[in-house]
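Student: Read top to bottom, the protein sequences are chains A and B. Position one of the first sequence corresponds to residue 9 (our numbering), numbered consecutively onward. Position one of the second sequence corresponds to residue 9 (our numbering), numbered consecutively onward.
Please keep in mind that the hints were generated in silico from the structure rather than gathered at the bench. Incorrect hints may have been included.
Which copy is meant is left open, so a pair is good if it fits within one copy or across any two.
Said to hold, decoys possible - Calculated cross-link-like contacts (lysine-lysine; reagent style DSSO-like; alpha-carbon spacing at most 30 angstroms):
#1 58 / 11
#2 251 / 186
#3 327 / 251
#4 317 / 53
#5 186 / 68
#6 53 / 11
#7 317 / 68
#8 327 / 58
#9 11 / 186
#10 58 / 251
#11 186 / 317
#12 58 / 317
#13 317 / 327
#14 327 / 11
#15 68 / 53
2 protein chains.
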Amino acid sequence: MNKVAILGAGFMGSAMAWPLSDRGYDVRLVGTHLDQEIIASCRRKNWHPKLERPLPTGAKAYPIEELPQALEGVELIIQGVSSAGVRWAAERLTPYLDSRVPVLAITKGLALDQAGSLQVLPDYFNSLLPNEIRGRIPLAAIGGPCIAGELAGRRNTCVVFASRDEILLRRLTSLLQKDYYHVWISTDLLGVEVCTALKNAFVLGIALSMGILEAAGGPDAAQAHMHNLAAALFAEAAHEMEKVVLAAGGDRRSVCSLPGVGDMYVTAQGGRTIRLGSLLGRGVPIAEALHQLEGVTLESVETLRVMHKALPVLERAGKVRTDEVPLLWHLCQIVAEGATVDIPWDRFFSGSQQARR
Amino acid sequence: MNKVAILGAGFMGSAMAWPLSDRGYDVRLVGTHLDQEIIASCRRKNWHPKLERPLPTGAKAYPIEELPQALEGVELIIQGVSSAGVRWAAERLTPYLDSRVPVLAITKGLALDQAGSLQVLPDYFNSLLPNEIRGRIPLAAIGGPCIAGELAGRRNTCVVFASRDEILLRRLTSLLQKDYYHVWISTDLLGVEVCTALKNAFVLGIALSMGILEAAGGPDAAQAHMHNLAAALFAEAAHEMEKVVLAAGGDRRSVCSLPGVGDMYVTAQGGRTIRLGSLLGRGVPIAEALHQLEGVTLESVETLRVMHKALPVLERAGKVRTDEVPLLWHLCQIVAEGATVDIPWDRFFSGSQQARR
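Please build the complete structure, drawing on both the sequences and the hints.
Tutor: Here it is as structure tokens:
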């Protein structure tokens with residue numbers, strides 16, 4: 009039986025066990041040091057506490073100490089740690105990497121290279137590898153709307169595998185595609201990865217509307233909410249996402265599809281970033297809001313911290329001006345500078361026509 | 009005091025009374041023969057039964073019989089009937105139209121011209137005018153995400169005024185813009201209007217996911233819904249919307265902005281089209297589903313009936329193939345041919361790469 013390892017037993021890493029197991033693989037789910045309770049529960053009770061179901065037949069849980077055994081003879085490695093853990097993952101995996109074994113990443117985020125420029129995570133991961141293997145490991149990443157619990161529930165899910173290597177993409181698709189796990193491929197690695205990271209950041213912006221509604225006393229007597237505001241933020245987010253994708257050297261077509269608006273749509277359905285955005289929209293300062301959500305990994309915040317540094321670099325390089333992405337820049341300022349929420353209406357939809365008020 | 013008339017006292021026509029009244033206009037809200045109860049309630053009880061609030065100060069309700077008085081001396085006419093009523097509205101308004109008085113339409117839909125080609129409603133309206141004034145009335149339309157009840161609640165709302173005449177657009181914006189009613193302008197009349205109509209049609213597709221979930225027994229024990237499916241449909245909708253906009257001669261930039269994804273996002277928050285889509289997704293045949301929603305105007309259904317005729321014409325003209333818009337064509341077949349719901353996954357994201365299964 010062919011073997012696959014997943015490093016990281018959080019929501020998304022673990023959920024990948026379902027299509028893989030249903031495709032007949034021997035799946036080794038390896039928890040990080042942060043996943044000890046999850047792995048213990050899977051082993052002792054055959055119960056994944058985050059996904060609230062038993063692991064599928066054919067999948068086994070491994071603690072990080074057993075990483076060498078788990079990686080033995082695998083034909084694919086799924087890299088499923090959070091963006092903060094990519095360096096750690098590269099270090100742990102390095103001794104076992106092989107140019108014949110692809111690494112498919114589900115991490116969503118962005119990094120900065122040594123010059124302070126924006127870097128997508130597969131390139132960052134590659135840059136962390138030792139000389140002997142750098143550039144020789146087949147790397148790809150997954151984008152598109154995928155709530156882990158739905159994938160584990162075998163609900164229809166459409167994703168995009170992205171890499172610069174189309175042959176690798178076709179090979180990965182043939183390994184993973186399943187009747188409920190629909191895979192498209194894209195050689196626009198930069199565009200897909202920028203969308204995948206930015207959607208978290210922008211959903212924080214969309215969620216501001218929920219906090220603003222709460223601060224205004226909630227729905228009025230006729231049940232008027234603030235969906236118009238949320239939708240305007242969604243539209244501005246899509247508009248700005250295209251600008252950043254182009255600035256980063258990506259293809260705009262990744263935006264108006266699964267990695268951009270599709271993933272942003274599903275992310276806006278709920279979750280941790282929505283809770284943070286609601287708090288901020290209510291007027292809670294960022295430090296206090298993060299304190300209330302303590303212990304929770306927020307890729308949106310990490311991405312905004314990266315963009316707070318990357319946007320001025322992109323501006324100096326003539327790629328995109330901060331005043332062309334006023335929502336994103338405002339979110340950067342809220343997260344990195346503690347700025348007060350103040351929707352910059354007048355600068356929205358830059359490049360569109362607007363009469364002066 | 010400057011005067012403005014609104015023809016049509018449904019949700020959206022009536023809601024326009026708020027920004028207009030707040031801008032200081034004498035607003036005359038004229039009900040159609042379908043709005044008699046609304047007008048009676050506004051007059052007798054100062055209560056708009058659909059918007060569940062009194063009309064704003066400065067707005068008065070008129071029955072259709074008083075249309076001539078209501079139109080006397082107005083500097084702007086808001087055309088707020090449903091798409092099925094555009095011919096009626098053109099006939100009723102014709103005697104009072106004046107080349108100095110713009111008609112700003114909020115109707116969402118599409119028409120077919122005499123050759124069977126797709127026609128946006130402002131052009132259709134113009135085509136219905138008598139020779140003497142055809143082409144001489146300043147016509148514009150509104151796109152973008154706007155739930156009427158929220159506009160009436162003075163919630164922040166971002167819209168796009170569209171016309172081929174930029175000077176008209178700047179004039180209209182200066183007449184209507186308000187601190188909570190943010191107006192952008194676009195000379196891409198075709199693109200904005202196609203987005204505005206298609207978003208209703210596509211939201212019917214997104215809503216199928218809700219019915220499919222119900223038919224599958226609802227969320228599972230771990231609370232897995234079908235948001236991934238809804239998001240994939242949203243992404244495919246955006247992808248296809250771009251293809252139809254381009255085929256119709258519009259600008260793709262209207263899609264990834266307020267008229268396209270923004271309006272689609274807000275429309276997916278609930279309402280009548282969502283109810284119909286849920287029924288269809290559960291497997292209820294279209295005739296039975298429409299019967300259950302009897303008496304309700306469904307622009308989504310009207311638009312799909314138009315597209316069922318228009319798409320083959322566009323295909324023959326080499327503008328877009330039905331297999332490039334598989335979701336839209338499937339929705340057309342469900343509505344116009346009674347086809348059974350069967351998501352055409354394999355044809356999604358045409359033009360993107362996908363490995364064969």
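Student: Among all the numbered hints in the text so far, which are the ones the structure does not match?
Tutor: Numbers 4, 7, 8, 10, 11, 12 and 14 - these are the hints that the structure violates, sorted from lowest upward.
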